[in-house]
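> What follows is the residue order along each chain.
Number of protein chains: 2
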Amino acid sequence: MRYELYYWSGIQGRGEFVRLALEDAGATYTDVARERGDQAIMPFLRSEHAGALPFAPPFLRAGRLVIAQTANILAFLAPRHGLVPASAAGRTFAAQLQQTITDVVAEAHDTHHPISVEQYYEEQRAEARKRSAAFCAERIPKYLGYFENVLERGDGLHAIGRRHSYVDSSLFQLMSGLEYAFPNTMKSLRRRTTHLRALRDRVAARPNIAAYLASPRRIPFNQDGIFRHYPELDES
Amino acid sequence: MRYELYYWSGIQGRGEFVRLALEDAGATYTDVARERGDQAIMPFLRSEHAGALPFAPPFLRAGRLVIAQTANILAFLAPRHGLVPASAAGRTFAAQLQQTITDVVAEAHDTHHPISVEQYYEEQRAEARKRSAAFCAERIPKYLGYFENVLERGDGLHAIGRRHSYVDSSLFQLMSGLEYAFPNTMKSLRRRTTHLRALRDRVAARPNIAAYLASPRRIPFNQDGIFRHYPELDES
Chain A
1 MRYELYYWSG IQGRGEFVRL ALEDAGATYT DVARERGDQA IMPFLRSEHA
51 GALPFAPPFL RAGRLVIAQT ANILAFLAPR HGLVPASAAG RTFAAQLQQT
101 ITDVVAEAHD THHPISVEQY YEEQRAEARK RSAAFCAERI PKYLGYFENV
151 LERGDGLHAI GRRHSYVDSS LFQLMSGLEY AFPNTMKSLR RRTTHLRALR
201 DRVAARPNIA AYLASPRRIP FNQDGIFRHY PELDES
Chain B
1 MRYELYYWSG IQGRGEFVRL ALEDAGATYT DVARERGDQA IMPFLRSEHA
51 GALPFAPPFL RAGRLVIAQT ANILAFLAPR HGLVPASAAG RTFAAQLQQT
101 ITDVVAEAHD THHPISVEQY YEEQRAEARK RSAAFCAERI PKYLGYFENV
151 LERGDGLHAI GRRHSYVDSS LFQLMSGLEY AFPNTMKSLR RRTTHLRALR
201 DRVAARPNIA AYLASPRRIP FNQDGIFRHY PELDES
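Taken in order, these protein sequences are the chains called A and B. Be aware that the first sequence starts at 1, since it is given in full-length UniProt numbering, and climbs by one per residue. Be aware that the second sequence starts at 1, since it is given in full-length UniProt numbering, and climbs by one per residue.
None of these hints come from the bench; they were simulated from the model. No false leads were slipped in.
EDC-like mimics (lysine to aspartate or glutamate), calculated; alpha carbons at most 16 Å apart, straight line: (1) A:Lys142 x B:Glu118; (2) A:Lys187 x A:Glu235; (3) A:Lys130 x B:Glu122; (4) B:Lys142 x A:Glu118; (5) B:Lys130 x B:Asp234; (6) A:Lys130 x B:Glu118; (7) B:Lys130 x A:Glu118; (8) B:Lys142 x B:Asp103; (9) A:Lys142 x A:Asp103; (10) B:Lys130 x A:Glu123; (11) B:Lys130 x A:Glu122; (12) B:Lys187 x B:Glu235; (13) B:Lys130 x B:Glu232; (14) A:Lys130 x B:Glu123; (15) B:Lys130 x B:Glu107.
With the C-beta cut set under 10 Å, the calculated list includes, among others, these residues of chain A facing chain B: (16) Ser47; (17) Val66; (18) Gln69; (19) Thr70; (20) Gln98; (21) Gln99; (22) Glu107; (23) Ile115; (24) Glu118; (25) Arg131; (26) Ala133; (27) Lys142; (28) Tyr143; (29) Asn149; (30) Arg153.
These numbers come from a predicted model, not from an experiment. Beta carbons are placed, not taken as given, at the ideal position from N, Cα and C, and that holds for glycine.
Kindly produce the complete structure, drawing on both the sequences and the hints.
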């Protein structure tokens with residue numbers, strides 16, 4: 001099946017979690033907005049199509065299905081491409097972890113937009129400094145401590161069981177994004193994230209992922225995405 | 001099967017979405033912290049048990065499984081109790097909608113805690129006013145407009161297909177929470193939420209839900225939960 005991914009063409013954003021799964025699987029897909037422009041997304045948001053209505057990108061077209069919400073797209077794709085254990089318990093745990101990643105990604109976004117997504121960062125800079133200070137001091141350590149603990153309870157290498165899953169790729173992306181946005185904070189947490197950093201390196205070395213990261217298909221991190229590097233927000 | 005729900009005993013919070021599904025299904029469950037106190041939750045958060053590790057409540061014990069993340073718990077429970085269509089497409093759409101409800105609930109929480117969950121509301125009141133103004137002016141209309149559209153594209157009565165599902169109960173809870181927290185804003189949106197308000201009334205009249213809402217098991221909304229009523233945050 002040829003998938004169609006709909007996500008903003010200029011950023012990694014939430015779509016990157018889906019791109020990584022598709023690339024890792026060696027799936028055939030079109031990154032629609034990168035080929036046809038962001039306006040290709042709009043008819044779906046305006047309810048001018050059949051199938052499920054997305055609230056926002058990313059969404060995936062798979063045959064007649066339209067599927068939105070990052071964690072939901074991944075839960076749909078993964079069993080079709082061997083990226084999650086076959087057991088119901090394994091899939092449920094994977095969904096739980098991915099939904100927790102969704103939570104921390106939303107909080108990472110709000111460090112630069114703590115008041116309104118309709119306003120520029122520069123209009124909410126003072127509040128962004130406060131929110132980021134709390135995010136770096138409390139939330140990053142809490143979330144990464146949790147995921148580190150998950151790895152320790154498993155085989156030390158994988159989020160679920162003893163095999164690679166889409167959650168591992170998502171943790172790679174989470175680590176990469178946090179390291180881009182908050183290098184000082186992440187450096188201070190090096191000793192408390194040994195399993196996560198080893199996982200990040202292992203995922204980056206998977207052949208399909210390595211080829212993707214080296215290709216022009218991987219959009220560099222930038223100041224329009226979810227993970228943004230403002231030095232004033234990473235002073236810890 | 002007797003389920004065990006673990007959630008803070010003093011608030012509706014995120015746990016209420018699970019309570020509503022369990023009550024609607026007529027399932028047998030123990031609301032553990034309400035019987036044994038909130039400290040019964042802690043061993044699970046401290047990793048002192050077998051099974052999946054939760055990041056935070058709510059989580060559900062079902063036999064040997066431990067399942068966390070509200071949308072994930074509901075996706076697990078619903079097919080076992082006829083609260084979601086049997087088709088894969090129906091379940092995927094239900095998960096998408098529930099995860100979108102998760103997003104708006106997180107944003108509702110952040111109206112009173114825009115800077116840090118570790119600080120009191122009173123310490124972030126100025127920022128809370130700004131964030132709430134944006135939430136009421138932009139985000140509530142956008143989210144409810146979306147869900148209203150979902151109902152209009154369906155049979156007008158149900159989120160998924162032509163039958164009641166757990167998403168309907170969650171939309172009831174979302175509407176109830178927003179009406180408690182932001183009565184002025186919600187009043188101003190009355191004409192744009194006709195389907196959602198009819199759905200809310202229909203769900204409230206389901207026999208098991210009506211019995212639950214009239215029972216002491218339904219914790220009243222209060223100022224410790226996710227939906228809080230501060231008049232200064234609802235000035236629209």
